[in-house]
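Number of protein chains: 2
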Amino acid sequence: MPEFLKLIPPDDAKRLLLQNIPANGLVSEIIETVHALGRVIAQDIIAPHPLPTFPRSTVDGFAVYSDDTFSASDSQPVYLSRVSEVPMGTAPSFKLAPAQAASIHTGGMLPDGADAVIMLEYTQTVSEREIEILRPVAVGENVIKIGEDVEAGQAVIPQGRLIRPEEIGGLMALGLTHVQVVKKPRVGIISCGDEVVSPDKLPEVGQVRDINSYSLAALIDKAGGESIQYGIVPDESESLMKIARRALIECEFVVITAGSSASARDITVTVIASLGKPGVLVHGVNVRPGKPTILAVCDDKPVFGLPGNPVSALVIARLFVIPVIDHLLGLPTDRLHPSVIAKLTTNLPSQAGQEDWIAIRLVNSPQGRMAEPIFGKSNLIFNLCEANGLLRIPANSTGMSAGDAVEVLLP
Amino acid sequence: MPEFLKLIPPDDAKRLLLQNIPANGLVSEIIETVHALGRVIAQDIIAPHPLPTFPRSTVDGFAVYSDDTFSASDSQPVYLSRVSEVPMGTAPSFKLAPAQAASIHTGGMLPDGADAVIMLEYTQTVSEREIEILRPVAVGENVIKIGEDVEAGQAVIPQGRLIRPEEIGGLMALGLTHVQVVKKPRVGIISCGDEVVSPDKLPEVGQVRDINSYSLAALIDKAGGESIQYGIVPDESESLMKIARRALIECEFVVITAGSSASARDITVTVIASLGKPGVLVHGVNVRPGKPTILAVCDDKPVFGLPGNPVSALVIARLFVIPVIDHLLGLPTDRLHPSVIAKLTTNLPSQAGQEDWIAIRLVNSPQGRMAEPIFGKSNLIFNLCEANGLLRIPANSTGMSAGDAVEVLLP
Numbered sequence: 009m010p011e012f013l014k015l016i017p018p019d020d021a022k023r024l025l026l027q028n029i030p031a032n033g034l035v036s037e038i039i040e041t042v043h044a045l046g047r048v049i050a051q052d053i054i055a056p057h058p059l060p061t062f063p064r065s066t067v068d069g070f071a072v073y074s075d076d077t078f079s080a081s082d083s084q085p086v087y088l089s090r091v092s093e094v095p096m097g098t099a100p101s102f103k104l105a106p107a108q109a110a111s112i113h114t115g116g117m118l119p120d121g122a123d124a125v126i127m128l129e130y131t132q133t134v135s136e137r138e139i140e141i142l143r144p145v146a147v148g149e150n151v152i153k154i155g156e157d158v159e160a161g162q163a164v165i166p167q168g169r170l171i172r173p174e175e176i177g178g179l180m181a182l183g184l185t186h187v188q189v190v191k192k193p194r195v196g197i198i199s200c201g202d203e204v205v206s207p208d209k210l211p212e213v214g215q216v217r218d219i220n221s222y223s224l225a226a227l228i229d230k231a232g233g234e235s236i237q238y239g240i241v242p243d244e245s246e247s248l249m250k251i252a253r254r255a256l257i258e259c260e261f262v263v264i265t266a267g268s269s270a271s272a273r274d275i276t277v278t279v280i281a282s283l284g285k286p287g288v289l290v291h292g293v294n295v296r297p298g299k300p301t302i303l304a305v306c307d308d309k310p311v312f313g314l315p316g317n318p319v320s321a322l323v324i325a326r327l328f329v330i331p332v333i334d335h336l337l338g339l340p341t342d343r344l345h346p347s348v349i350a351k352l353t354t355n356l357p358s359q360a361g362q363e364d365w366i367a368i369r370l371v372n373s374p375q376g377r378m379a380e381p382i383f384g385k386s387n388l389i390f391n392l393c394e395a396n397g398l399l400r401i402p403a404n405s406t407g408m409s410a411g412d413a414v415e416v417l418l419p
Numbered sequence: 009m010p011e012f013l014k015l016i017p018p019d020d021a022k023r024l025l026l027q028n029i030p031a032n033g034l035v036s037e038i039i040e041t042v043h044a045l046g047r048v049i050a051q052d053i054i055a056p057h058p059l060p061t062f063p064r065s066t067v068d069g070f071a072v073y074s075d076d077t078f079s080a081s082d083s084q085p086v087y088l089s090r091v092s093e094v095p096m097g098t099a100p101s102f103k104l105a106p107a108q109a110a111s112i113h114t115g116g117m118l119p120d121g122a123d124a125v126i127m128l129e130y131t132q133t134v135s136e137r138e139i140e141i142l143r144p145v146a147v148g149e150n151v152i153k154i155g156e157d158v159e160a161g162q163a164v165i166p167q168g169r170l171i172r173p174e175e176i177g178g179l180m181a182l183g184l185t186h187v188q189v190v191k192k193p194r195v196g197i198i199s200c201g202d203e204v205v206s207p208d209k210l211p212e213v214g215q216v217r218d219i220n221s222y223s224l225a226a227l228i229d230k231a232g233g234e235s236i237q238y239g240i241v242p243d244e245s246e247s248l249m250k251i252a253r254r255a256l257i258e259c260e261f262v263v264i265t266a267g268s269s270a271s272a273r274d275i276t277v278t279v280i281a282s283l284g285k286p287g288v289l290v291h292g293v294n295v296r297p298g299k300p301t302i303l304a305v306c307d308d309k310p311v312f313g314l315p316g317n318p319v320s321a322l323v324i325a326r327l328f329v330i331p332v333i334d335h336l337l338g339l340p341t342d343r344l345h346p347s348v349i350a351k352l353t354t355n356l357p358s359q360a361g362q363e364d365w366i367a368i369r370l371v372n373s374p375q376g377r378m379a380e381p382i383f384g385k386s387n388l389i390f391n392l393c394e395a396n397g398l399l400r401i402p403a404n405s406t407g408m409s410a411g412d413a414v415e416v417l418l419p
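Here the protein sequences come in this chain order: A and Z.
So the first sequence is numbered by our numbering: it starts at 9 and just counts up by one.
So the second sequence is numbered by our numbering: it starts at 9 and just counts up by one.
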């Protein structure tokens, strides 16, 4: 293929791309915490006050002065006089004197004078005015102290953290009903090809419907970006140039899926090269599927020329586009990618020197979790629909064997 | 704890709950495919036509009649006369005669008379009108036949499939710009507690902000449900009964987080028991955290009484609420839950006979991926924020040892 001067290993290609994206700092916005699920914290969250704000009981029982319980046992109970009950939701209006005990619920506030709570199970009611204590308790036992969860001024959630239900809970606990998050990077999507028509059209003979605009948009949105459609463009320099320039101005980066022919790919690379400096960094990646991938940075914004084949486009977008979204969101580069271990059902030969990504169907069987490679003549979209995992065969491997335990990435 | 008559193992509790939810069939709606990411296919998708709809080349090269190339080799090339180029996006206007070859691009339509494509690399241009063929090609080589991806009438995506970018691509390829999906189950959330105030309020001494309404809503929405807030209710039967009845009518199921005291939990179970038949199925699960969990089905709708502690509430919601959402969405019960294998950093003793769920911080180290248990006096919300995984210690285990390879679930 004369168009490829040099095939670069995927990891090197990704590194080269990320190195060339200028560190402009994160762009942030303030939104309501209730809408923050899946967004990314833009600035360390500092606790405005301690948690809890008052000493709380962690059990149902009696608030006591621990010294009073020192010698208590089943055979030699300590007798304490039972005073008021601690109400939920307000401070107790009384102070506990020595040799007194006050009924308290989980979450209730310790009255002054008490320094521990004895669980209900280790007490016995003698009368309305007296209880027996059957075990000693230590100072602070069954109590959360002020600031024990969080101290005032403590950094509780770091910048770059993806907001999950847990973080929403933590923010609400501190009264932070608004939160500063990283703005979603806008990603312009352009689909090239003389043969490509909109999915709502009935294709004429020789035409195919646009898949990439929609599958890539879903992938980008799911990864935390904001996809913007720029439509279908014929394999022709001027039209592509015009729309690509507009997308590059309006978005944080641009993804172009090339027309499928070699000449269409030539048009794509020529247009990308002319969009701005430094221009094309990688043209051709040593990976299957997805060899004819173009990675560029133009006017400080990433530009991708993905293969037109819908399967290649999706696999390559997972390899290169998602890491760029992660990068622009300020997510940690070593974040976990979920995977499962499964047993390979067949031999998978692979050409050494080339990284392969194989679509895998994971199946639970009596022999455990099995990884069935999905073979298909030509990477058809419905083969990919059948898959629920991807297996990487590294460049230095000549393949894997049936029965091998392999790590299957869950996309 | 007198309120617990019997602690049921979590798996048994889940089975009992799911068995008691009547099989009413799935409720579906038709939406635009572009908005279908994360939704669930309600009816098998049947291909309205084959894919591809015409024979397509998978490479750049020449469309030929395979018999013509039978004896071709580098030393003994076959000479074919070069005719028109196949245009992209329309049917070729010509028919290929024997001993002819037509230039064709990846994705182009085979002209009548051609039955294979020879890759550009295995040809040589002699003149504008003649090429050399250096290899033989077999019938169908480098061609996708009509219907080779999908036959007309074939079931291509099954009911119960979660819609990913791949499915969106497949639907668009078939022109299915609208899709029938399962309606999101509406889940009513009620937060109980005399001490609980809204997060936008400054709590008085003795009060705490509502966490559960928001963390549970985020969890439910993320799992494909539609959370509906019914606010904060004091620990008092009549108020809770009124709001719970309304939620049960308006939603597919209801989640109540109980007040934290034993008496508040008693109110919750009494109210749930009176909401409808069959009523409370489980009161107390043999799991930590989350023992005081109530599982019920009232008037054929699931009702949950979750512990008031925010950590317990989230862990228990992952164990019981999400499987019910999966069930109501018609998702397969054995779907994969992503996990990673990591090395435990410390010993984890556990009481035999009780299932434990431990919050884990996964850390990449030079020794590989490590699983650090997060210990905390009392399951504080910010401990859970520090975690990025959960480790299950089964009831029949007395714990795990430092250095063990453990499977950590990624929540």
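Derived by calculation from the structure, the hints in this document are not laboratory data.
Every value quoted in this text rests on a predicted model; they were computed, and no experiment measured them.
Do not take every clue at face value.
Heads up, the list lumps identical chains together, so a pair's fine if it works in one copy or across two of them.
[Unchecked claim] Computed cross-link-like contacts, SDA-like style, restricted to lysine to any residue with a CA-CA straight-line distance of at most 25 Å:
no., residue 1, residue 2
1, Lys299, Ile54
2, Lys103, Lys230
3, Lys351, Asp274
4, Lys153, Val205
5, Lys230, Ile38
6, Lys22, Lys299
7, Lys191, Asp52
8, Lys191, Gly214
9, Lys351, Gln188
10, Lys103, Thr66
11, Lys209, Ile39
12, Lys153, Phe383
13, Lys209, Pro95
14, Lys153, Glu136
15, Lys22, Val371
16, Lys250, His186
Give the relationship of Lys351 and Asp274 under a CA distance limit of 25 Å: within one copy only, between copies only, both, or neither. neither (41 Å within a copy, 49 Å between copies)
How would you label the pair Lys299, Ile54 (within, between, both, or neither) given a Cα cut-off of 25 Å? neither (46 Å within a copy, 33 Å between copies)
Homo-oligomer pair classification [His186, Lys250; C-alpha up to 25 Å]: Close neither inside one copy (40 Å) nor across copies (31 Å); limit 25 Å.
Using 25 Å as the alpha carbon limit, work out where Lys153 and Phe383 are close: within a copy, between copies, both or neither. between (60 Å within a copy, 16 Å between copies)
Please sort Lys191 with Gly214 into within, between, both or neither, judging by C-alpha distance up to 25 Å. neither (41 Å within a copy, 37 Å between copies)
Within a copy, between copies, both or neither: which one fits Lys209 and Ile39 at a CA-CA cutoff of 25 Å? Between copies only: 18 Å across chains, 39 Å inside a chain, cut-off 25 Å.
At most 25 Å between C-alpha atoms: does Lys351 with Gln188 qualify within a copy, between copies, both, or neither? Answer is neither; intra-copy 44 Å and inter-copy 35 Å both fail.
Between copies, within a copy, both or neither: which fits Lys230 and Ile38 at Cα up to 25 Å? Cα proximity of Lys230 and Ile38: in one copy and across copies (21 Å, 21 Å).
Go through the copies and call it for Lys22 and Lys299: within, between, both or neither, with a Cα cutoff of 25 Å. So Lys22 and Lys299 pass the 25 Å test inside one copy only (14 Å; across, 48 Å).
Is it within, between, both or neither when you check Lys22 against Val371 at 25 Å Cα-Cα? between (32 Å within a copy, 23 Å between copies)
Lys103 and Lys230: within-copy, between-copy, both or neither at 25 Å Cα: Answer is neither: 55 Å inside a copy and 46 Å across each miss the 25 Å cutoff.
With identical chains treated as interchangeable, where does the CA-CA distance between Lys209 and Pro95 reach 25 Å or less: within a copy, between copies, both, or neither? Between copies, since 20 Å is at most 25 Å while 68 Å is not.
The structure is inconsistent with the numbered hints 1, 2, 3, 8, 9, 14, 16, although it conforms to all the rest.
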